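Engineer: The lines below spell out each chain.
Protein chains: 2
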Amino acid sequence: MGAPTVARVVVDVMPKPEILDPQGQAVAGALPRLGFTGVSEVRQGKHFELEVDDSVDDETLAKIAEGFLANPVIEEWTVRRIS
Amino acid sequence: MGAPTVARVVVDVMPKPEILDPQGQAVAGALPRLGFTGVSEVRQGKHFELEVDDSVDDETLAKIAEGFLANPVIEEWTVRRIS
Chain F
1 MGAPTVARVV
11 VDVMPKPEIL
21 DPQGQAVAGA
31 LPRLGFTGVS
41 EVRQGKHFEL
51 EVDDSVDDET
61 LAKIAEGFLA
71 NPVIEEWTVR
81 RIS
Chain R
1 MGAPTVARVV
11 VDVMPKPEIL
21 DPQGQAVAGA
31 LPRLGFTGVS
41 EVRQGKHFEL
51 EVDDSVDDET
61 LAKIAEGFLA
71 NPVIEEWTVR
81 RIS
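Taken in sequence, the protein lines are chains F and R. Using the numbering used here, the final residue of the first sequence is 83, and nothing's skipped along the way. Using the numbering used here, the final residue of the second sequence is 83, and nothing's skipped along the way.
Hints were generated in silico from the structure; no laboratory data involved. No false leads were mixed into what you were given.
Pairs involving identical chains hold if they fit within one copy or between any two copies, as the list cannot separate such chains.
Below, computed lysine to aspartate or glutamate pairings styled on EDC-like, alpha-carbon distance capped at 16 Å:
hint, residue 1, residue 2
1, LYS46, GLU76
2, LYS46, ASP21
3, LYS16, GLU49
4, LYS16, GLU76
5, LYS63, GLU75
6, LYS46, GLU75
7, LYS16, GLU41
8, LYS16, GLU66
Nothing here was measured: the structure is a model prediction, and the numbers come from that model.
With these hints in hand, go ahead and build the complete structure from the sequences.
Structural biologist: Structure follows, in structure tokens:
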């Protein structure tokens, strides 16, 4: 019997478009002063990397992301398996 | 003459493997108590989305990521254009 395989899952969480993002705005505002022009917008969110075994299906991942990694009131998120 | 095209760039920033990640560990530790088993590791980083115009080349993006989005001492990062 082989060892259980482990999959890597990425969850990206971003503030919804209508939500202000002061951290991203601070970076975007600072770049021209630092000599970098041409960046019109910066938004900052969170990036999670999970290692999960075979027992964790997509429905479970969706529950984990919605319940514990993102705040559905102010954030949107994507879940993808990368291996 | 057309309007300048805008590209979307994603920068993902993660704590280096040897750096402790208390936020990720807190999530990983809480999941079994909340009824979700099978997640062996969670690591939390940052996800940036930038809108840049044609004047911003890959070398400039690398400088922005290294200098202002990540802390090279404790973090690693990837830069990719998605459009």
